[in-house]
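Protein chains: 4
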Amino acid sequence: MVGYAFMGAAHSQGWRTAARVFDLPLRPAMAAICGRDPDAVRAAADKHGWAAAETDWRDLIARDDVQLVDVCTPGDSHAEIAIAALEAGKHVLCEKPLANSVAEAEAMADAARRARARGQRAMVGFNYRRTPAIAQARRMVADGRIGVLRHVRVTYLQDWIVDPEFPLVWRLRRELAGSGALGDLGAHIVDLAQYLAGERLVGVSALTETFVRDRPLPGAANSGGAAARGAVTVDDAALFTGRLASGALASFEASRFAAGRKNSLRIELNGDHGSLAFDLERLNELSFHDHTAPAADSGFRRILVTEPDHPYLEAWWPPGHGLGYDHTFVHQARDMVAAIAAGTDPEPSFEDGLQVQRVLAAVEDSAEKNCVYTPVPA
Amino acid sequence: MVGYAFMGAAHSQGWRTAARVFDLPLRPAMAAICGRDPDAVRAAADKHGWAAAETDWRDLIARDDVQLVDVCTPGDSHAEIAIAALEAGKHVLCEKPLANSVAEAEAMADAARRARARGQRAMVGFNYRRTPAIAQARRMVADGRIGVLRHVRVTYLQDWIVDPEFPLVWRLRRELAGSGALGDLGAHIVDLAQYLAGERLVGVSALTETFVRDRPLPGAANSGGAAARGAVTVDDAALFTGRLASGALASFEASRFAAGRKNSLRIELNGDHGSLAFDLERLNELSFHDHTAPAADSGFRRILVTEPDHPYLEAWWPPGHGLGYDHTFVHQARDMVAAIAAGTDPEPSFEDGLQVQRVLAAVEDSAEKNCVYTPVPA
Amino acid sequence: MVGYAFMGAAHSQGWRTAARVFDLPLRPAMAAICGRDPDAVRAAADKHGWAAAETDWRDLIARDDVQLVDVCTPGDSHAEIAIAALEAGKHVLCEKPLANSVAEAEAMADAARRARARGQRAMVGFNYRRTPAIAQARRMVADGRIGVLRHVRVTYLQDWIVDPEFPLVWRLRRELAGSGALGDLGAHIVDLAQYLAGERLVGVSALTETFVRDRPLPGAANSGGAAARGAVTVDDAALFTGRLASGALASFEASRFAAGRKNSLRIELNGDHGSLAFDLERLNELSFHDHTAPAADSGFRRILVTEPDHPYLEAWWPPGHGLGYDHTFVHQARDMVAAIAAGTDPEPSFEDGLQVQRVLAAVEDSAEKNCVYTPVPA
Amino acid sequence: MVGYAFMGAAHSQGWRTAARVFDLPLRPAMAAICGRDPDAVRAAADKHGWAAAETDWRDLIARDDVQLVDVCTPGDSHAEIAIAALEAGKHVLCEKPLANSVAEAEAMADAARRARARGQRAMVGFNYRRTPAIAQARRMVADGRIGVLRHVRVTYLQDWIVDPEFPLVWRLRRELAGSGALGDLGAHIVDLAQYLAGERLVGVSALTETFVRDRPLPGAANSGGAAARGAVTVDDAALFTGRLASGALASFEASRFAAGRKNSLRIELNGDHGSLAFDLERLNELSFHDHTAPAADSGFRRILVTEPDHPYLEAWWPPGHGLGYDHTFVHQARDMVAAIAAGTDPEPSFEDGLQVQRVLAAVEDSAEKNCVYTPVPA
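Those protein sequences? They're chains A, B, C and D, same order as listed.
In this text, residue positions in the first sequence follow the numbering used here: the first is 1, and each later residue adds one.
In this text, residue positions in the second sequence follow the numbering used here: the first is 1, and each later residue adds one.
In this text, residue positions in the third sequence follow the numbering used here: the first is 1, and each later residue adds one.
In this text, residue positions in the fourth sequence follow the numbering used here: the first is 1, and each later residue adds one.
This is chain A alone, in the form it adopts within the complex (with noise of 0.2 Å):
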């Protein structure tokens, strides 16, 4: 693994769970831990339960007892260590979103091509996908319980920088995160909104805006007299509109700056047979109104989601007791790790991850035009 900030501890706890959890073919051994700082990248080995300690990915890579490489750096080098860890024959999940550019996402959906040739797999790390309750309304979209889609609705909304003088960290950077608001928050939204409906965005239109422009450099709050500021050069919100395939409509929020929201991400799929609806504050429940009942018997139903015969719940607990965010980061190794012993492609591919960039390159794109509708390439 490579890197070791919130996302390594996150996948860490995903690594060392799986296989004790979930009756899996393979079990997955921790073997090295990657990062810059020798001190920090051993500390976080022995507290996360890593074998071994890397300082150069490059090293990592070139380990015999390496498989699988899982990136968890920020989105500036994914490129680079994917692509040099699937020309190195080994297995790759990468962190979302795939990269921080459209070019760099396709040579990455390139060497993924090219690696599934020689029986490698590759994945984008879109955990959400694996929340039960997401993959339950998956299922019962597939199962027509919801019939003709006509809306996609999804805000994913948090707060952590409404105050101007939280200092400017590299998710407020572009050259460090690609952009705002929209690749963080963004990107999973319209992998959701796309995976959930079954279809992909055709096209959109979008407003972005970064309230705060400047910021106090990290560190530099204490520093007495007036501190050091830097420019923000990433989006704070993007909001977009956009059609589905099938003609549907979909809305889309992200935005850092919706006070009391810390990380609410909801969802809601409207067909002509039924709705769907979902909060990330809430992830064990998922609503479902099925329209095809008697308006007098009918209203959105509350689905615990943590059945046996709900998504990943076989191998947890008895009905009513929920999971948490970092159980999605089990299921996501679960898979991985199902489909590399069955050698079967694992979804998300570099490819959809490529297609969400597209997206937001179009967001982007329309953002810059006076909101146009723009066009999303196939």
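A hint or two may mislead.
Note that identical chains are pooled: a pair holds if it fits in a single copy or bridges any two copies.
In silico lysine to any residue, SDA-like type, Cα no more than 20 Å apart, as pairs [as the list claims (entries may be wrong)]: (1) K47 - H273; (2) K47 - D23; (3) K369 - P319; (4) K47 - L26; (5) K369 - G203; (6) K47 - P25; (7) K369 - R243; (8) K47 - E368; (9) K47 - P318; (10) K369 - R358; (11) K47 - W317; (12) K47 - G343; (13) K369 - T210; (14) K47 - R171.
It should be emphasised that the hints constitute simulated quantities derived from the structure, not laboratory data.
Here the structure is a predicted model, which is why all the values come from computation and not from measurement.
With the hints as your guide, set chains B, C and D onto chain A.
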């Protein structure tokens, strides 16, 4: 009052009740109701408690015992009736949307301006402003409780035409209704967003859609054989984003195709000091997040807007005893009567109604022009 | 009508509105209102729309233009007024609880029985039965939707006397109110539980408490110096459990000391085929769980009880447009008038009110006798 | 660890994860797991990550590499194993309820007291205390945020035996389980109520019921012909009320017959300064009402207990990224290890577990004696 259908009944309830609940300086007398069908209007007068019935609105306006004309007809006749009533020296309450076009709305606003010089009052019936929770939210925004506004997010979702065989009623015909979900639902949420924000939209980008292009003619359904069908000439759904004068972002969705959402008007405002959220299906509740409190102690609180200190509540029931939809019409009647008695201008004015009309026109323009960002004339 | 305070205003709203909304065979005329203070009752008559005012209820009962007497006084005068009205040949609607003692309630039920033979009607004002969601729940229970009943669970929580300095109003004095939270709130939930279950309590075990034993006398608070105080002679809270005739278990809690719960009446029924849940603070919603559906697909659904097929809703607004607290009084007036016109007995009868009184007496007995299980006389 | 079923898996997840997430002074090594079936326990060891497997708990206790014994067996063997482990010089974590009888619990508490003098630690596994929202609620009560306590109201509802054909598993047999819903669910809520209140129950009045008196023997269902049946010898539901030392009232309901309620543990505390409410099905949320704020501005606020300042959260994910059921076992392991390292006594102690047992015994006494109020021995 002109018109005796859904809105006629709701307005009658308002006029009948206002002086029975509130202490008003003037007590409205329900002089006469008007409609084209003599038997039906006579029955409506009797049912709803109007002293007389008229079949021509010109006769209604000519009556000496009528000081105020309440226009509850479909939008295509608003301008003609309201202007004539104002010219005849009557106060006028006109249902929303003010008119079916900007030109009509301008003529109405002009007429109201002239009438105002004569001491007459004109108000447009955006009754949702009179929901106590909305009025309380406005009060809190005005008091600075949410600080600098960043986002307004509004959806108004219904589902009464999800079935493609639902007939082609007047609300689905442009020549009568002006537009579809946009004018019916969108007008409400544009007004509410601007009212709560205390500022206006400066531009919009929009996407509209008509999912079901033709429908059976009303009454045709039971006639055996292939039912005669007609074209739906209004939008089924309208999505738009925009910018407010302060730079805050706004998003809107109005749809009649959201299965399971019966009358789901949800509005949220995010500022740097707090957030407010409201859902019309739970109209006695207001959610407020105080972002100035310590994070460990804060979250959206559900204020039951039923305290004596809340707007309109001094006249109703003890805390926790909620109001319903029709109470908004009682409050509207109260506010109109109070303004007439006080010689002040009630809000929202015809000028406000005209401005909403301009936003709706900009939405339609943008939708026709590939979603391009379209300024709203000041 | 006798009494013109909170209940007087609510009942007036009911009588005034019922025939304006529903198609009724008889239209109630609001003949006269009665109260002891001549100026106040005159003002109330004028405000609420009663044609005449009386200061002695005996005079009211003697009026020829009065066919129905609506008793809205505190409980200590219910028996005397209601019995006299029945003897005088009037129909009677009496606020709940029917009386302050079982003996009074028995005399009232006797009087109602005799009057019934003369074609007079008597009803007790358990208005919450007229909440559409409650009436719909009753319909679903009667249709077997929840199967064999196992549990009824009801709480009715308020918080208006949490402050120990809140004054000693009439509701806190046994000689006027009969009991405290028990008679005021407990009577409602005993009636609702039995109504929804369709069966009666056969025994109870109870615990009651008066947390604040003395309070300032009303008006004394502002008099400077140590305020005169008096003893609170009713319960502040009552908890009781019981068995229904079928063997189902029931639990009840009535309290005026639940900070933040304004008018929180929650009721849940669990059967072997399903469950129903209701919360008065969200009175347009009914939660239903269908336990006969596959577990993976089921959960509590939130039925918005605003469809034309729902009880009372045919006369009101389109789906999703909710009603409020005072609509229950409109429905109560409608049902009373409809029963009089049809010559049938309205429900709940004085007999039903008496039985509730017997439950409350058993609760007080049990509370005095160390919580021992106390049968309710049949 | 002794036992490898549901609780065994949950506890394993706790031991495996605690030191990977929290910075602990000691890192637990998972030495050996014990169960009677040699193949099954071997497989469980392998699956859950235990180094060795034993088939006799006496052998486990005798191992030198075992310093702590975690007892996850049914209640009938708790006393024997835990006491032996303590005598053998091991620290002990014992699943709740501490024992099947007061006598056993007393012996265990005695053993713990003796062991404590030798520096050994004993803790009973009321894991729900380790839910961050519960720990935060306790912190707020201790800080005086709700003031003088008036009410504690707790229900713990499940529905897994609603079907009368559900088989007679060990949890339905008194000789193994001690009691039914009472010991399984009631023990949790008695502990939580007392923990949150910071005081103990002094007496209770109770009603219990077994709705389904006999059930098919396990495995018999598929054997064709009339299935062999056995008697259910525990309660299906237990309702009880009580008084806390301060005079506050408490109500409890534990049931396995609440259709649609999967794991619905709800607790609410009302004090004169505020109220707290929690629902285990939404375990990342805590509702708090501040009764000292102006009424027009107050209401229950939904605190997402995912902030770094909240208990246990410093080690987990960013705000809004919720935890699940099994995290409570991670926290339990952490707290046990931290106490051992610090040489302090972990809570809840065996003494606490004994006191809960006394409450449960008083409940059973009261239920047998016509609900009479029954003191809980101090």
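- Since the copies are identical, ignore which copy is meant and state whether K369 and P319 lie within 20 Å (CA to CA) inside a copy, between copies, both or neither. neither (50 Å within a copy, 35 Å between copies)
- Task: Indicate which option fits the pair K47, R171 if close means a Cα-Cα distance not exceeding 20 Å: within, between, both or neither.
- Result: Neither way: K47 and R171 sit 25 Å apart in one copy and 39 Å across, limit 20 Å.
- Copy assignment of K47 with P318, given that the CA separation must stay at most 20 Å: Between copies only: 19 Å across, 30 Å inside.
- Measure nothing new, just compare the shortest in-copy and cross-copy C-alpha distances for K369 and G203 to 20 Å and report within, between, both or neither. Result: close both inside a copy and across copies, 14 Å intra and 14 Å inter.
- Item | Copy assignment of K47 with D23, given that the CA separation must stay at most 20 Å | For K47 and D23, only the inter-copy Cα distance (8 Å) is at most 20 Å; the intra-copy one is 25 Å.
- Message: One pair to classify: K47 and H273, alpha carbons no more than 20 Å apart. Within, between, both, or neither?
- Response: Classified as neither; 50 Å inside a copy, 38 Å across copies.
- Item | Homomeric proximity label, K47 with P25: Cα distance no greater than 20 Å | Classified as between: cross-chain Cα gap 12 Å, same-chain 26 Å, threshold 20 Å.
- Query: How would you classify K47 and E368 at a CA-CA limit of 20 Å: within, between, both, or neither?
  - Reply: neither (45 Å within a copy, 54 Å between copies)
- Could you figure out if K369 and T210 sit no more than 20 Å apart (CA to CA) within one copy, between two copies, both or neither? within (16 Å within a copy, 26 Å between copies)
- Between the shortest in-copy and the shortest cross-copy C-alpha distance, which are at most 20 Å for K47 and L26: within, between, both, or neither? between (24 Å within a copy, 12 Å between copies)
- For the identical chains here, do K369 and R243 meet the 20 Å Cα criterion within one copy, between copies, both, or neither? both (18 Å within a copy, 15 Å between copies)
- Message: Reference check for the pair K47 and W317, CA-CA at most 20 Å: within, between, both, or neither?
- Response: between (26 Å within a copy, 16 Å between copies)
Violated hints, in rising order: 1, 3, 8, 12 and 14; the structure is consistent with all others.
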